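I would like the entire structure built from these sequences, with the hints used as guidance.
So the protein lines, in turn, are chains A and B.
Last residue of the first sequence? That's 607 in the working numbering, and every number before it is there in order.
Last residue of the second sequence? That's 64 in the working numbering, and every number before it is there in order.
It should be emphasised that the hints constitute simulated quantities derived from the structure, not laboratory data.
All of these numbers come straight from a predicted model, not from anything done at the bench.
Watch out, some of these pointers could steer you wrong.
[What the hints assert, rightly or not] Computed Cβ-Cβ distance ranges for the label pairs, DEER-style: (1) A/Val477 x B/Lys63: 20 to 28 Å; (2) A/Phe249 x B/Val29: 42 to 50 Å; (3) B/Val29 x A/Asn476: 56 to 64 Å; (4) A/His310 x B/Lys60: 20 to 28 Å; (5) B/Ile26 x A/Lys577: 16 to 24 Å; (6) B/Val21 x A/Leu294: 41 to 49 Å; (7) B/Lys61 x A/Ser433: 20 to 28 Å; (8) B/Lys63 x A/His310: 53 to 61 Å.
Glycine included, every Cβ here is placed at the ideal spot set by N, Cα and C.
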Amino acid sequence: MNLDLLTVFKSSGFMHITPGLAIMWLIGLTLIYLAVSKKYEPLLLLPIGFGIIMANLPLADLMHPGEGLLWKIFHYGIEWEIIPPLIFLGLGALTDFGPLLANPVLIFLGAGAQVGVYITFFAATFMGFSYQEAATIGIIGGADGPTTIFLAAKLAPHLLGVCAVAAYSYMAMVPIIQPPIMKLLTTKKERSIRMKKSRKVSRLEKLLFPIIAVFIIVLIIPASAPLMAMFMLGNLFRESNVVERLTEASKNELMNIATIFLGISVGATMSAENFLRKDAIFIFIFGLFAFAVSTASGVLLAKLFNLFRKQKINPLIGAAGVSAVPMAARVVHKVGAEADKKNYLLMFAMGPNVAGVIGTVMAAGVFLTFLK
Amino acid sequence: MGTCQCNNRPNTVDEHLLHLQSIVLNEESQVDFAIIVVVSGIGSVFVGMSLLYLAIVITSLVTTKLEKDKKGKV
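Here it is as structure tokens:
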């Protein structure tokens, strides 16, 4: 009897716990704590945290190729490019391009913020990361979780977990990271600039935009098609006003389901050997650097515009060019309101904010074109 | 395309710094290709955004004209 109990114990997972697995459990529990207690990106960090624990349970083999449950979700969801485009469909259904269409010049601020992505790519290449790894690290600066995951799955799957956690962590920390950079690069006078009231955008313009945009962007950067096409399809659902059920399904049920599987899949890739890398700390530092440079480049581009424009732009809205929607726009509004309480920047900042989503997808498409 | 000649990929902090040093000192360089990617990337994003900008402006002009014509007929 004693012998049988010993055999059962020896064949259990307890005998196979390693320090690496224990550290990953702690990381998973920390993410769950941050999601529940601090409400840091809970929709993603909660399933990611639990996914990490699931993937690091000894003998469970949940990530065993061809057999494990988590492997199947990851393989068919992420590697087959299903989940990130579904998330983009939902994002499209949630996005109002009105502020961008009302002030089309703000679209360039969404492009300006991508400079950080490429500078970080360059710096990471210098530090010995492969081109594919450097691109995956650089795209963190776009502050767009699904795009980071989409690119990582194609270029550097071994970095997917680290980069996704870095991207979502920094997105959660937008209110902490961005304001000091914005204040450093602007004067109080600049932060107080009031924007001219936007014109009214017609329904026809909103309806035509997703169709025109998908043609232009996908013809220029075909590799961006999976994300961009779904993004614009979701937006077309929204603006058409004739498929309310599809719009609701895209932005609610479908997006929620996709988010669950996205979070679990990301967590599942974070095995001890993938995550506890000697250079993981570099990836987090570069991610932060990318995010900071993207913020700065957006603000500086807005200031550059002001040199040539009669109607000045509040340079703070350049910081919303990173695509953390709508957090970055809210931060812009808050920092602007600190300089002038009656300055209402939120709707203006939403323009570069949604342009930032487009810009990050384009940046990822360029990386795919060159490096896949 | 310039590619890194290192046999081993750097992992530790020291190895990364040594790699950086080797690039600076020996001109062992990935820089040319990286520059092409950076310039093409930023260029493509700005060209794409410029075309989108033009498309938005043209669409706005056309729709405004259409709406004016419609109102004129009424």
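> Which hint numbers does the structure go against, in order from smallest to largest?
Replying inline: 2, 3, 4 and 5
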